[in-house]
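The chain contents come next:
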Amino acid sequence: MAKYKTESLKLWDKAKEIRTQYYKNYAEAHGKGGLRWGGGAWTFDAVPAGLGDDLYSLSSEPYGASIAFDKKFALECQEAIEKLGYARDLCAYVRNYCGSVLLNKYAFGGPFPKPDFIWQDHICCSHAKWYQTVSELEGGIPMYCVDVAVGPCPPFGELTPEKIDYVAGQLLDGIDWLEKVTGRKYDDEKFIEACWNDFRTTSTWARFVS
Amino acid sequence: MIEMFQEFYENRHEYAKNWKEKTGGMVVGYFCTYVPEEILYAVGILPIRILGSHEPQNITEPHIFGMYCPFCRDCLAQGLQGRYDYLDGIMISQSCLHIRQAFSSWKIHKPVPFSYYLTMPHNVQSPRAIPFLTSELGRFKKAIEDFTGKNINEDDLWKGIEIMNRNRQLMKQVYESRKHPNPQVTGLESTYMVVSSQMIDKREHSRIVGDVFAEIPKRNLNNSKKIRLMILGSEDDDTKFIKLVESLDALFVIDNHCTGSRYFFDEVELDGNPIKAIAKRYVQRAACPSKDWPERRRTQLTVDLAKSWNVQGVILAQQKFCDPHELDFPMQKKVLEDNGFKTLTLEFDVTVPVGQFKIRVEAFLEMLRSEDLF
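Keeping their order, the protein sequence lines are chains A and B.
The first sequence begins at 1 in this note's numbering and counts up by one.
The second sequence begins at 1 in this note's numbering and counts up by one.
It should be emphasised that the hints constitute simulated quantities derived from the structure, not laboratory data.
The beta-carbon is built from N, C-alpha and C at its ideal position, and this holds for glycine as well.
Be a bit skeptical, because a hint or two may be false.
Claimed, not checked - Stretches of chain A that chain B covers, calculated by requiring three or more beta carbons in the stretch to come under 8 Å of a beta carbon on chain B:
| hint | segment |
| --- | --- |
| 1 | 29 to 43 |
| 2 | 52 to 59 |
| 3 | 83 to 96 |
| 4 | 163 to 171 |
When you get a sec, could you build the whole thing from the sequences and use the hints?
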């Protein structure tokens, strides 16, 4: 007898529908005149939103996990990247993702949709190197990566003005870079709106899990 | 005299304990070569690098993930086994997750009077890195002043810089001498020289290196016909492996790893504010792969080293579970081979499979020698 009563999420089918649409939007972005970009799930995704409403991202770790769900495809991806000389003990998300790029196969059908630029954050020792590799496998995709490793935050450490300046400074430099790489003018209002959406989503999720 | 470096390496703990007794000073163990030893020397502390012992162990299993690299587990094992109990402190300069875990676990299980996590930026290619590291070094300076009760002024910092720079210059001279068609220093000797510099007082090390360098022209090693090799890697004090390769009529003439040239090739520029000068050096030095992004600068550096030292083959010593290096090596290998250098990739753990590696190295050397025939 289960100790805690539980039930399936009523919105689960809706959640899957939204997720599928997310991957479809990314693949079909160019057809709608939009741009595609790649980066980690924790990257500062509100920032590229300032370039327009037609930007679509493929976040790396969820995509790696999606490939893992398809065991046959995951094996193909990992064998492909291993054949190129990449170590078997590398992060499996990296191997799945890079294998998908190498095979030119998208986990959701069709060829792998190449991103127009990479907007990454470096949250573990592999993150920046991951997309450095992706850029090379794709023949050179413009890449920008923000280092967020400024040490532990309160209560475990101090968040100094210099630490904030370091991260914020990279983001500001990143906006200049985005404008140069995409040829688009940056819209601060779109960025602010994206930040607001970020805050709403994360605080809603916090309420959800509490 | 050159054997002294091997003695220092093999008796590192005895050296540190004797140093403490002789000087009454403090010893701080550090985990990564991005630690600014200049500041520790400025306050009279002896910085020594914590390295493993290349022995199998199981003491770290409850404390560190099984898929973390053998090096970080080996380092932590030394602490948990009590071999570094004489340390007054430990510090790390933010590097990879694995060695950070070794540091954090050490702090918990082997508490020391002083421990410091220096937030070294990873994005060394960003113009924001130097100002950020300058501020972090200022905070570190304050922390070490509070711990020691000593004030560090600008003169002290310049003295610390001079100690480090002098050793770097001398070691570079030794490495330059290995460009010679008949080098009078072997790869094994060079390894002992560099790694011992991370374990003893640099002032003493510099004196001995200076004396050894004066003796080098008098040596008569017959190395002119040996295959000239380069070794690349993360941390490579695998002396058994180097000795094995050099027993096969080959010679390591240059390297790019953090118990080699990457540790000392770049000096602090004697200009302006010393803290900022130190920050500039550590940001701009030859980068560890974990910091070599988004642009790959290490690959060109490696090719330049291989050309300058007239290398015939390159051994890529890939540490198991080291993602930054493992994501670098395929491109590194490709660039080297595109520039005419043959490569051999070997996967390293704490201990070296001598038999298997010997066969592979022999085959590699045969391949290199056959190029000479035709």
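For each hint, the structure was consulted:
Counting residues of the segment 29 to 43 of chain A whose CB lies closer than 8 Å to any CB of chain B gives 0, so the stated coverage by that chain is violated, three being the minimum. For the segment 52 to 59 of chain A, the assignment as covered by chain B is violated, since 0 residues bring a beta-carbon within under 8 Å of that chain's beta-carbons and 3 are needed. Only residues whose C-beta sits within less than 8 Å of a C-beta in chain B count toward coverage, and the segment 83 to 96 of chain A has 8 of them, enough to reach three; the restraint holds. With a threshold of 8 Å between beta carbons, the proposed coverage of the segment 163 to 171 of chain A by chain B holds, since 5 of its residues qualify and at least three are required.
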